[in-house]
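J.: Below, each chain spelled out in residue letters.
2 protein chains.
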Amino acid sequence: MNEGVLAVDLGGTNLRMAAVADDGAILHLTRRSTPKSVTPVELISLAGEMADECIAKIGSETTLLGIAFAAPAPSARNSEGILTRLPNIPTLNGMNLKAALRDRFSFPVTVENDAIAAAIGEHWMGASKDADTSIIITLGTGVGGGIIIDGEPYRGVDGTAGEIGHVCVIPDGHPCGCGSRGCVEQYASATAIVRMARENGLDFSTSRDVYNAFQGGDERAAIVFRQMGSYLGIVLAGLVNTLNPDMIVIAGGASGAWDAFIGPLKDEIHLRAFHAPSTRVKIARTQLGDNAGILGAARSAILNAESLTVV
Amino acid sequence: MNEGVLAVDLGGTNLRMAAVADDGAILHLTRRSTPKSVTPVELISLAGEMADECIAKIGSETTLLGIAFAAPAPSARNSEGILTRLPNIPTLNGMNLKAALRDRFSFPVTVENDAIAAAIGEHWMGASKDADTSIIITLGTGVGGGIIIDGEPYRGVDGTAGEIGHVCVIPDGHPCGCGSRGCVEQYASATAIVRMARENGLDFSTSRDVYNAFQGGDERAAIVFRQMGSYLGIVLAGLVNTLNPDMIVIAGGASGAWDAFIGPLKDEIHLRAFHAPSTRVKIARTQLGDNAGILGAARSAILNAESLTVV
Chain L
0 MNEGVLAVDL GGTNLRMAAV ADDGAILHLT RRSTPKSVTP VELISLAGEM ADECIAKIGS
60 ETTLLGIAFA APAPSARNSE GILTRLPNIP TLNGMNLKAA LRDRFSFPVT VENDAIAAAI
120 GEHWMGASKD ADTSIIITLG TGVGGGIIID GEPYRGVDGT AGEIGHVCVI PDGHPCGCGS
180 RGCVEQYASA TAIVRMAREN GLDFSTSRDV YNAFQGGDER AAIVFRQMGS YLGIVLAGLV
240 NTLNPDMIVI AGGASGAWDA FIGPLKDEIH LRAFHAPSTR VKIARTQLGD NAGILGAARS
300 AILNAESLTV V
Chain S
0 MNEGVLAVDL GGTNLRMAAV ADDGAILHLT RRSTPKSVTP VELISLAGEM ADECIAKIGS
60 ETTLLGIAFA APAPSARNSE GILTRLPNIP TLNGMNLKAA LRDRFSFPVT VENDAIAAAI
120 GEHWMGASKD ADTSIIITLG TGVGGGIIID GEPYRGVDGT AGEIGHVCVI PDGHPCGCGS
180 RGCVEQYASA TAIVRMAREN GLDFSTSRDV YNAFQGGDER AAIVFRQMGS YLGIVLAGLV
240 NTLNPDMIVI AGGASGAWDA FIGPLKDEIH LRAFHAPSTR VKIARTQLGD NAGILGAARS
300 AILNAESLTV V
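Chains as they are written, first to last, in numbering that gives the first Met the number 0: chain L, 0 to 310; chain S, 0 to 310.
A few of these clues could be false.
One copy or two, it doesn't matter: identical chains are merged, so the pair holds either way.
Subject to a maximum C-alpha distance of 20 Å in a straight line, what follows is the list of computed SDA-like cross-link-like pairs (lysine to any residue) [unchecked claim]:
| id | residue 1 | residue 2 |
| --- | --- | --- |
| 1 | Lys265 | Ile169 |
| 2 | Lys265 | Lys281 |
| 3 | Lys97 | Pro107 |
In short, the hints are calculated from the structure, not lab data. These numbers were taken from a predicted model, which means no experiment stands behind them.
Chain L with its partners taken away, still in its complex shape (with noise of 0.2 Å):
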């Protein structure tokens, strides 16, 4: 008998829902779009339906054992499960996931912010494997951060660690939505770049049409890129002074242009960090790209698992 688990990455564009063995095999995948002001109802009944579809694949071999969900929100890195701060999809907020999966679905459930499992998901399978303390870097809509240490997620005191999307680069710089200024995030997202390119006179709607401009030789989106390396290099040069870590990983949509922006990004961390840990740090790019928040939810997923049985 297999066992393995469902595991789920609500994005604001899509829902992807897998069922995943515990040696991290993807035994199915189903993805639909997450329908215009999902309501938890919606989404709820939406994830029963796509858990069917897992469970018919699947067939009776493998024991399902725990459902764990990936969502944008800080506050999924809570114990609590109650969804804040969407800015992506804003009528998901105030929702009990965790309490709504509990009461659909007869297994465990667990809730991660997306991007630490996208931590959780590399170290488990993925470029951080053989890393002990890395972090990751979710270029998105937003920026998201993951931290691991010593191969365990940090999560600090109230599970809110990791948001490196807000530390600061620029003290007055554009306002964000998180209520500060000059967040990174305002300078190395998808959604900054696309603002970034119209500030160069580019007027183009996905950070994707941006980045094919760059490799058509448009010098404007070449700028764009080199800032966007820039900033984000010197946030990390703080991080690798901060904590020495053996890697850093940078993951989500924007990692696609890895090209136009890692150059920049690698000379201020050697310009900015100490020595040591600028020669120590490895800067990778995710080796399991939109699969890598599922896996480490369903990593998660079969770690509580474990440790319920333990119990």
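For this one, chain L is given, so just place chain S on it according to the hints.
T.: Just chain S now, kept in the frame of chain L:
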């Protein structure tokens, strides 16, 4: 029979040594001026003379288990004990402090970075005694940092973690001795306070003088401390978002100007950090003052002696 250790705080101005009992009581403390351009040989000779004084004073009823040095060098964070990058005692650059101490003393030798030692000291006996996860910031000639996670000093992969003074707060700011620009050390150290005062037309030679002017009602001095508090607060807000600690302890000579900078510092944390971690974190003033480093070094030596005994 009581047990204790010798602990030394090596500073640019003073060399202080104490015999410390294993319960943290300071049995005897002695101090010398750090000789101008002190050589490694002179340092060890002076330490030997101070150790002889301590040993004579405490008498034979206390067994000494080891000696620990807290040194103002990032490299004192690593296990080698070779001092590098001591801007204030450059004549000791390259000294293998650990080996030299082993040659002179018959005790086990511990070398700690001074800010990590202060963090250990405050967690053992001082302000952060009841905090599992805390950060110390030392405001002296430079800005040092030390991190305690789950009660243990966090050292990073190479032992260089905690260099919070070299987190950037203004990307194109004042050049820093570390090779970067705009490090918070350039805006929050005692040295920086004197420089910023001069930029505001106040010609003083110590940060204490600037503080005295503040207390006398000088508005230019008040501006300097407001700037200092804001810049330090911006960096601490980033650490609050990243590490979600219980407490931040502010120590070092310039922390004496507490009432002049703490308001703007806290304002920046509350403005810039997320609600949950900024509500959680207590901002506390050192309780051990000048003795934080010496007590932390003592604690390290005691723990090292215990681990040697167990082995």
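J.: Run every hint past the structure and note whether it holds.
T.: Structure-based check of each hint:
1. Lys265 <-> Ile169: Close inside one copy (19 Å) and across copies (18 Å); limit 20 Å.
2. Lys265 <-> Lys281: Close inside one copy (10 Å), not across copies (34 Å); limit 20 Å.
3. Lys97 <-> Pro107: within (10 Å within a copy, 52 Å between copies)
Hint violations for this structure: none, all hints satisfied.
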